[in-house]
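Work out the full structure: start from the sequences and follow the hints.
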Amino acid sequence: MRHSAVVAVIAVLALCVPMTLLEDSDSTDAASTTTTYRITGYVNEEFSSGNIGLKGAVVTIYNETGDPLGVCTTSSADAGRFKIDFDNIPISKMYIGFSLAEYDLRSISSYASEIDTITVATGTAYRLSITTWSASSEDNVRECLITSSTADGLNCFTMATTTGTVTVYVNYGGQGVRGANIEISADDGRSIHGKTDGSGGCTISGLTIGAYTIKVSADGFESEKKDIVVTKGTATSIFEMTEKTHATYLGMDLVHFLMFIGIILGLSLALCARILYHRVGRTKIDEEDLKGE
1 MRHSAVVAVI AVLALCVPMT LLEDSDSTDA ASTTTTYRIT GYVNEEFSSG NIGLKGAVVT
61 IYNETGDPLG VCTTSSADAG RFKIDFDNIP ISKMYIGFSL AEYDLRSISS YASEIDTITV
121 ATGTAYRLSI TTWSASSEDN VRECLITSST ADGLNCFTMA TTTGTVTVYV NYGGQGVRGA
181 NIEISADDGR SIHGKTDGSG GCTISGLTIG AYTIKVSADG FESEKKDIVV TKGTATSIFE
241 MTEKTHATYL GMDLVHFLMF IGIILGLSLA LCARILYHRV GRTKIDEEDL KGE
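Under our numbering, the first residue of the sequence shown carries the number 1, and numbering increases by one thereafter.
These are computed hints drawn from the structure, not numbers from a lab.
The structure presented is a predicted model; accordingly, all values stated were derived computationally and were not measured.
All the pointers check out, no bait thrown in.
Using 30 Å as the maximum straight-line C-alpha spacing, the simulated DSSO-like pairs for lysine-lysine come out as follows:
#1 226 - 195
#2 93 - 55
#3 215 - 226
#4 225 - 244
#5 225 - 195
#6 215 - 225
#7 83 - 232
#8 215 - 244
Spelled out as structure tokens, the structure:
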């Protein structure tokens, strides 16, 4: 009887051990198959010749109160692509924002709303609309591509620079004018100054895109000015200077006129001296004649 009880206990333990191992195996498998949810897409830079992936754009996902949930910085190596991963399915109400020094967001993808927005530290964030998650090429990753599948696609987030560069060339007689003063001023009173180098050129960068007036002045030349619209990239403005017209006196400039006057005065003084000399001499002769009489 006692022997039968021992056998029964051993049998029960034999059944429990495989079940315990099975449960541990199931929990290990569950842990190893945790799904990552990824929001991905492309940020491109706007060019007249087409769009290319933008490097250095900071992409941030926010909740509705403006708290960051995830962030990614685009790289040129990945053609401007961003990937933001979450351990669980993200909350339904998410917003996406973009920032890069001297760049503005010009267009957004159809997955984002321009109507439903929030204000964040870097500007504006746009409500995302995500309904489906697709299988990724990576194991245990579900993703939502919220733009076109390439950086040059039309349905992407597009940014463009907010500054430009102006190069001014100052010439006279086919030669560059060294040391010419350059002033580039905006309608709001902002102005930047520079001087031309030996080639007659002067480059000024970091100008906010918009309308400006360029003024050029140099010793011996008439001052010149032109209006210019600064866009992204580099704009060039060339000035052909005009030599200053000098006032004339009897057909002579001031220097030569003064020399002429000096000569006239000198001759006049010499003539006066000669006349006085002759008068004094004649007076002496007359006095001697009177004494002789």
